[in-house]
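**Q** Using the hints, build the complex out of the two chains.
Below, each chain spelled out in residue letters.
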Amino acid sequence: MIKPLSMLKTGERGKIVRIEGGMAVIKRLTDLGFVPEQEVEVIRSAPRGPVAIKIKGAVYALGRGIADKIYVEEVHE
Amino acid sequence: MLKKSTSRSLDSHISKKEITIALAGNPNAGKSVVFNQLTGGNQIIGNWPGKTVERTEGWIRYRDRRIRIVDLPGIYSLSTYTEEELIAREFIISGIPDVIINVIDASLLERSLFLTLQLLEMERPLVLAVNQLDVAESKGLKTDIDALSKLLSIPAVGVIATRGTGLNKLLTVAIESADKQDSVAPPLYGGEIEQSIEELEKILDNAYPEYPVRWLAIKIIENDEDIKRLNLPEEVLERADVIRRGLEETHGEPIEVILSSERYALASRIARTSQHYEAGKRTLLQRLDSVLLHPVFGYISMGFFLFVAFIVLFKIGSIGSSLLEGLFSRLAPMVNSLALPETVKELLWDGLLSGIISGITIALPYILPFYIFLSFLENSGYLARIAFLTDNIMHKLGLHGKGAIPIIMGYGCNVPAILGTRILESRRERVIASLLATLIPCSARTVVILGLVGAFMGLKWAFVIYLLDLVIVYMAGFLMNRYYPGETPGLIMEVPDIRIPPLKPSLRQSWFRIKEFLYIALPYIMLGSVILELIKIFGWFDTINRILSPIIVNWLGLPPITGVVLIFGLLRKELTLILLSTFSGTTNFSTILNPRQMFVFSFFVTLYVPCLATVAALKKELGNITSTLIVIGEILISLILAGLLNQLWIYLAG
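If you read the protein sequences in the order shown, they are chains A and B. If you read the first sequence in our numbering, its first letter stands for residue 9, the second for the next number, and so on. If you read the second sequence in our numbering, its first letter stands for residue 255, the second for the next number, and so on.
The shape of chain B in the complex, shown without the other chains (with noise of 0.2 Å):
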């Protein structure tokens, strides 16, 4: 994966005219909110190419000069065990950044450090950025940043992102610092450490001039899987086994315990030199914890929280749904008037435009408001602190903790859950996580649910699918866990302070999801809207009733007039309600459906194949054929599971 650097050439000294600036640090260090500082609207929001990690970047014009920021993922390490970390090594070494800001929280500084030695390895032109010193300071930390700078000589600019201070300076320094392509001075670790690395590095002499040879020892010391690719000779190799063993073997520790430790020993040595610790005081925020991870009222609190806030972000969801579509059907008359055939018009209205409405009046109202909830919660750190609240029960349905937050996302779309599998660690956890949230009865069906069996059975009866639809996602984990291959890796995650969240990245960062989901949800609805269109004029309507009704009548026990229903419920499932009402000509549904039709109706709803922009993230996110197993799969649970549902009701009853 690394890749051969061209670009460090030997122009370096002269001022280019265009930067490229790479921000690194830790997650939650404010890296985000120093880039959203430094480059204001200018950024685009994508994907690392074939990678499922958010890349931003970012420009400016200082002084005529064209500065691209890039903002590398949050990293706590530059070894390759995630993915994240491995795309901001990849980058830094293929030398296109001409300097990088180290970001780091004062507050956190020997965690922090422990990455800038890191970085200072890889002997780049390198700024410090002390962020959060107003944090550190409430916490009592007070920071020299010139000792600081001193220690690790490399400059050190102290900033309060959230407030923008410090941040013209910032980038001074740093574009001063590409200008010059100050060289970094590696840092040095202890007696045989150095001694080994100082060894091989004379062996490795300058055989790939691409790379720091002094990093390269490091890391071949390090046993880096990614360096074995780049198949070193094998007296190297051999040189390298014998002084890796020969370190183990002093110090009784594998050698990537040894490495961190010499690399946080150092950087603890330089944290007690420029931070000294005075009287701080626990702010309301911080006592926080003590009730959000309490084993009894987190869960009352976590519980009250999210309810609350589902009926809210429901609430708006229903209110704007209505709003657009009023606006939205305005455009029917416009259409209507158009000079064309009465069919062509059809198929323009019902279908294609109609399909970009629906997609539009679901993403805006439901999914919008769910993804500025979902950042916020993010930002604010709370969503750490439902994942440790959850983590045991996860284990049991083979995730750990962070599986929570996708099912939680489920609640509002299906969708946007799947993209959130992405923070998972493995792909069997990202299979499992995806087919749960496919389970989670989403805001579209949840106006299927309430306005069919909560509004004519009572509410009692509403919350009785939700029961059952946990049953079932549980029963599901459970089986996946016991019969998918593999195991639960265990739950090893920050908890961040809990903080206010920053207004604009979450709202950016809402803007570019709420995009990603249009461009892979809208397609589909369209085309299936006109397919269904075409059903329509046709007139097929009664003979897929007809075949269908094997299925609807005799074993789910519905009237026939629902397979057509159902069908169209794939582009959206509160269609199915929309289109009962316009079938029978009523919105009294206790006059065609009896109480049984109604909540197996509403129960299969819930279960059968996730619409077709779920199905285009599932395509997405695991592929076509485990993207087919879940939707074939849950089509057989379904059917299985309501129509046991209905005749037992039968019997029961009868």
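In isolation and in its complexed conformation, chain A is listed as follows (with noise of 0.2 Å):
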């Protein structure tokens, strides 16, 4: 099921599919490796604020709104 990063709960998996938003922000994501295909881990999200995400073993912080157009498929081992 494809969803948003920012419905992923701590401690949950996904692979990205596609990413919304402007190309700044877009442009940005994809340097930091947030490109399709690409498996995430979500170390922290609460029900409000940012999530914190492992991706390629680094963590970043996304504020929500950042999040919410970052669309993953749910990985489950």
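Hints listed in this document are in silico derivations from the structure and should not be mistaken for laboratory results. Note that the Cβ used here is the ideal one computed from N, Cα and C, for glycine as well. Some hints here could point you the wrong way.
Unchecked claim - Calculated cross-link-like contacts (lysine-lysine; reagent style DSS-like; alpha-carbon spacing at most 25 Å): (1) A:K17 x B:K650; (2) B:K423 x B:K396; (3) A:K23 x B:K650.
Said to hold, decoys possible - Examples of chain B residues lying across from chain A (beta carbon under 10 Å, computed): (4) N477; (5) E507; (6) H548; (7) G552; (8) S555.
Claimed, not checked - Simulated coverage check for chain B against chain A, where a stretch passes if three residues somewhere in it have a Cβ under 8 Å from a Cβ of chain A: (9) 329–341; (10) 614–626; (11) 744–750.
**A** See the structure below:
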């Protein structure tokens, strides 16, 4: 099922499907490795506020608005 | 912004007497530690010309040759989306550096290589410094340096910069590479992308010899903003458009995503071949994160930590400044013994010298420790966690999480807080953050609040002022967010591993910042104190008090004497308290002010025009118009609010 990254809970993983939004944001995210097919892990997510995402070994804080626009397919072990 | 290169000359194969090395790498890759280890003490910190990005440069002697090392800003990519990226890119393409050392974090190999590949595209001599091998190892990552070197066809040296391991070898290899001007093979990408690049390369031919043609082709396909300024011929642009559209159709993604994916695919292949994962262990510091970012415990630990830190810093400040004041007061008899007319001596001592002294007694004991603390916060990675925790609330104020940083700095001193707004992306954010920072009670205002309200009315009331202030900051941010045109960009920020901050770079950084503070603030403080001394010599105090009395006495309900005091407060806000006792001849303020007046006075001191040093910082960062508007706005707001508070208090009490 495809859903925004912001919907994943702490500890869940997903595979990036697409990113929406302005080109500047997309470019910054892809520069950090948020590219299609890439697997991400949610390190910390609360009902509100930003999420912490682990990708390629690095952790990033993404504002909720940004995480809303990154669509992922949930990955189950 | 791209400058044409002139120095890529024919004599590059002859060993030059002076070599320039540029250090490039991701933020937190350990670049500044490598830089400090290599250069030792010989370094200059400044800003890039016309930019607000810090520039560090150093020199060393190496076998009779002078090696200049320039530390480029930390970047993730070489596009044009941040000022840092543009600066790094321009500097490399200018041909000034003879060799580039790419410092990479071995524990984040794949992401680091994403930048390495783009550096390779620029076809300048490149040496890889594979840093933080110890951290990588603790995470169970075994790195094969030779494999990396072979796969990228550039020299690679393994280093642990914090311990100084491998740095001599790194320097030797880099100088060798600079002397030989090693040709660098740019990375090849997949099928149709490679074809597109080659096609455009042919069309471009060698029309722009100052740029590597392949790099130029890639940038044109990427729709790079900066390249557009080259005014490329119509046929090239048209062809590029067709190529770009073709690629976007095949891949179903915008071109930026296609190329990043391609580079990451290659980076990933290289990383997988040259690094292997064996079981790693989670260190205590890494485990700490589950607490530090926790939705409940994260806030509790942050609040506790900052509270304790501020109390400690404030204590250091007050002890240090009284020590310094004692020391400086010994200078007074020396000035007095000079054979000069009395008025000149007064002007010299009470005006000029005490201006300098007051600048130093606030800068050294209060601001320097605060800067060091901040550097530690930054370099330990905790600052990023604070930004994470505060992102939500900051959004309501038109800022994102990083905006919390200057605001927190404001409690130490507003000047660094305003300079600290440089970390924010847009001017809108910098204006909002600067405005909010000036409303934060700095250590000087804390002296007044605690010395007056805290001492004579109780700490409870002092806290009320802090709370009221926070409400005002919140309201100001809320309104600015509402009415200042533009949007709040979302937070995208790396949260680096928590680590013990490196001592020397932190101290150097703090020293640079304190010097910057003094350069900005001292001239204003000196000028201000000379003017005030002149006013005193001419005996205009009573006149000023009389002129101000409708505001001071009728509206704010304060004794007339506070008029002059508040004007002196422009220099340094804690002067208001000192002068109040000088003028009234007592330190028992309860004899001259009633509780209402104490509260209104402290409240007004907290809010009205930031001190001169802060105004200078505002002017430097935001320009004349914006800073003037902020100052006028704050005078009005503080007058209105403090007046209303006074009237309300009288009304409720009566």
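**Q** When the hints from earlier in the document are held up against this structure, which numbers fail?
**A** 3, 8, 10
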